[in-house]
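J.: Each chain, written out:
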Amino acid sequence: MTGLRLEGRARIVGDDVNTDYIITSKRKRDSLDPKVLSRFLLETVDPAFAASVRPGDILVAGKNFGCGSAMEVAATVILGAGIPAVLAQSFSRTYYRNAINNGLFPIVCETSGISEGDILVITADQDIMVRNEATGQSAVAQSLPPIVRGIVMAGGLVPYFRQHGDFEI
Amino acid sequence: MSEVKSHGKTISEKILSVKSGQDAQAGDTVVCRADGLVGTDGSIPMAIDYFEKMGGSRVVDPEHIVFALDHYAPAPTPQAAALQDQIRDFARLHGITVNEVGDGISHQLVVESGRAKPGTLFIGADSHSVTYGAFNVFAIGIGSSDLAAAMISGKIWLKVPDTIQVTLSGTMPEGVYAKDIALTLVGELGADGAAYQALEFNGPAVAQLEIDDRLVLSNMAAEMGAKVGIFPADKKTFTYLGDQVSKRAEATASDPDAIYSRQVTIDLSSLDPQIALPHQIDKVVPIDSASDVPIHMVYLGTCTGGRVSDFEEALRILKAGGGVVPETKLVIAPASRAILKELTRDGLMGEFAALGAVVLTPGCGACCGTCGEIPGDGVNVISTANRNFKGRMGNANAAIYLASPATCAASAVRGRITDPRELYR
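Chains as they are written, first to last, in my numbering: chain A, 1 to 169; chain B, 1 to 425.
There may be inaccurate statements among the hints.
From the structure, some residues in chain A lie toward chain B, with a derived Cβ separation under 8 Å [said to hold, decoys possible]:
{"id": "1", "residue": "D16"}
{"id": "2", "residue": "T24"}
{"id": "3", "residue": "S25"}
{"id": "4", "residue": "T44"}
{"id": "5", "residue": "S69"}
{"id": "6", "residue": "E72"}
{"id": "7", "residue": "S90"}
{"id": "8", "residue": "S92"}
{"id": "9", "residue": "R97"}
{"id": "10", "residue": "L157"}
{"id": "11", "residue": "V158"}
{"id": "12", "residue": "R162"}
Hints were generated in silico from the structure; no laboratory data involved. Quick reminder that beta carbons are idealized off the backbone N, C-alpha and C, glycines included.
The task is simple: from the sequences and hints, build the whole structure.
T.: Have a look at this one:
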């Protein structure tokens with residue numbers, strides 16, 4: 001994780017954004033391709049959202065992001081849209097796992113001071129830091145347990161298993 | 001990893017200590033061996049993809065895996081049919097048994113199989129895998145990638161959760177059901193009130209709760225963000241599982257000096273029927289605050305409210321009230337083929353058909369809008385399901401209310417949200 005740096009526009013969503021809102025179940029019965037599904041990202045919340053996303057944008061949520069169904073396309077569809085990280089005050093536990101496992105960076109931090117379009121800079125060395133270029137404010141995000149850090153450092157559970165073949169205890 | 005502490009353990013800490021082979025305390029991250037793996041056609045296709053990308057060649061313990069084709073049952077599109085064929089091919093190659101389209105919802109099939117034994121660890125690639133907590137199982141929902149890694153290694157990493165103790169006391173009054181207890185708890189804790197935590201149910205009322213009731217409470221643990229919703233094992237647990245004495249030893253109880261992050265007490269005798277209003281699961285109100293909402297569709301089914309006792313109770317109220325009003329559509333889906341057979345054998349299916357019910361294939365379809373009966377624009381649905389998100393049943397312009405099977409049936413009788421107690425003689 002050392003040296004990771006992300007920079008992008010904040011895209012604000014609210015509290016309790018469930019996985020059905022991120023991508024409706026009916027869409028995934030026809031395709032699981034994140035690129036295809038990303039055209040319908042968050043369509044229930046805002047039909048215009050998907051078309052407005054630019055690669056590198058960073059999703060910024062309130063509490064309990066990704067609640068509801070454990071469907072993993074809700075993580076891959078965000079990556080498919082070119083969004084590399086989600087900031088939230090909290091994540092649902094299944095979503096948090098799915099994000100880690102797919103290399104989508106879930107960052108737990110205070111998000112109430114971030115506005116739509118603010119430029120955010122995320123750095124991950126010893127600590128995970130989020131700096132808001134618009135307000136000048138910085139926040140330290142919640143740190144990761146060692147095994148989770150290992151999966152994040154590998155880029156997700158697929159590269160982790162390709163390297164280790166099993167969980168390293 | 002953690003120093004030895006003097007306090008006792010919760011059920012979750014005990015099971016994860018056994019499954020990880022170390023002294024697991026809340027807050028620790030451990031790697032555990034799973035006793036059971038569950039996947040559905042909603043999650044297996046992606047798991048196969050991850051399995052292959054991870055370099056998986058063989059599945060460890062295929063006999064510990066339950067696959068069920070329940071989310072797209074029957075297949076609504078050629079693409080969904082192709083995904084199911086992919087699952088059948090993978091399962092055949094690796095010696096995994098597939099529960100076919102029409103067999104029922106994975107969670108109900110696990111329950112009926114007797115696999116969910118006290119003290120075991122189950123991981124299921126579906127959020128409602130928490131259902132088996134009713135049998136003293138540490139049962140959690142995971143995604144497809146975790147399922148793939150577990151098929152390769154037999155293992156999963158887990159953070160040992162803090163535990164909220166939910167103490168149930170008193171006796172449920174007439175017209176109040178397990179669903180009303182669950183909705184009360186969701187209303188009290190909120191949609192993320194148990195995030196990353198375990199719910200441990202106990203108290204003097206637990207012994208009175210039937211297995212079907214406990215399944216509802218464990219099932220809806222997911223709606224509070226909980227990792228598990230776990231019950232102690234008792235005589236009813238062992239009776240349901242066939243009273244296998246050899247399994248009793250593995251049942252796990254919490255220590256009297258276990259540490260809980262929070263204590264919640266519910267006096268069942270004080271409860272009224274509850275309703276979750278659209279579109280949030282934790283917008284829960286007593287029924288008199290929601291009465292007179294017109295209802296156009298009533299759905300009886302799902303892994304929360306699609307068991308035999310649910311249909312029996314609903315039918316009793318439908319008959320007491322004189323049937324379904326013509327303006328309201330009654331849609332039913334037994335949670336499994338076994339339930340469908342039992343309802344058919346006992347004549348209930350015939351009675352539902354005579355009442356004009358639309359009968360769907362056992363499965364998840366109508367609950368999550370993947371297939372089955374999709375409500376039209378402006379339609380108000382009252383359902384025995386566990387989720388009422390906007391668009392959940394396949395149409396963002398419909399509104400979903402959640403309630404007990406009895407309240408749903410009473411609402412079908414009047415064509416508006418109705419307190420079932422109004423229809424008892």
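J.: Hint by hint, note whether the structure agrees.
T.: Hint check results:
With a least beta-carbon distance of about 5 Å to chain B, the hint placing D16/A at the interface is held under the 8 Å criterion. Because the closest C-beta pair between T24/A and chain B is about 6 Å apart, less than 8 Å, the hint holds. Evaluation of the S25/A hint against chain B yields a held restraint, the C-beta minimum of about 5 Å falling below 8 Å. Below 8 Å, beta-carbon pairs count as interface contacts, and T44/A has one with chain B at about 5 Å; its hint therefore holds.
At about 5 Å, the closest approach between the beta carbon of S69/A and any beta carbon in chain B falls short of 8 Å, and the interface hint on this residue holds. Using the Cβ-Cβ criterion of 8 Å, the hint placing E72/A at the interface with chain B is satisfied: the shortest such distance is roughly 4 Å. At about 6 Å, the closest approach between the beta carbon of S90/A and any beta carbon in chain B falls short of 8 Å, and the interface hint on this residue holds. For S92/A, the shortest C-beta to C-beta distance to chain B is roughly 6 Å, which falls under 8 Å, so the interface hint holds.
Contact between R97/A and chain B, as hinted, is supported at the beta carbon level, the nearest pair being about 6 Å apart and thus within 8 Å. At about 5 Å, the closest approach between the beta carbon of L157/A and any beta carbon in chain B falls short of 8 Å, and the interface hint on this residue holds. Satisfaction of the interface hint for V158/A is found here, the shortest Cβ-Cβ separation to chain B being roughly 5 Å, below the 8 Å cut-off. The interface hint given for R162/A is met, as the beta carbon of that residue sits about 5 Å from the closest beta carbon of chain B, less than 8 Å.
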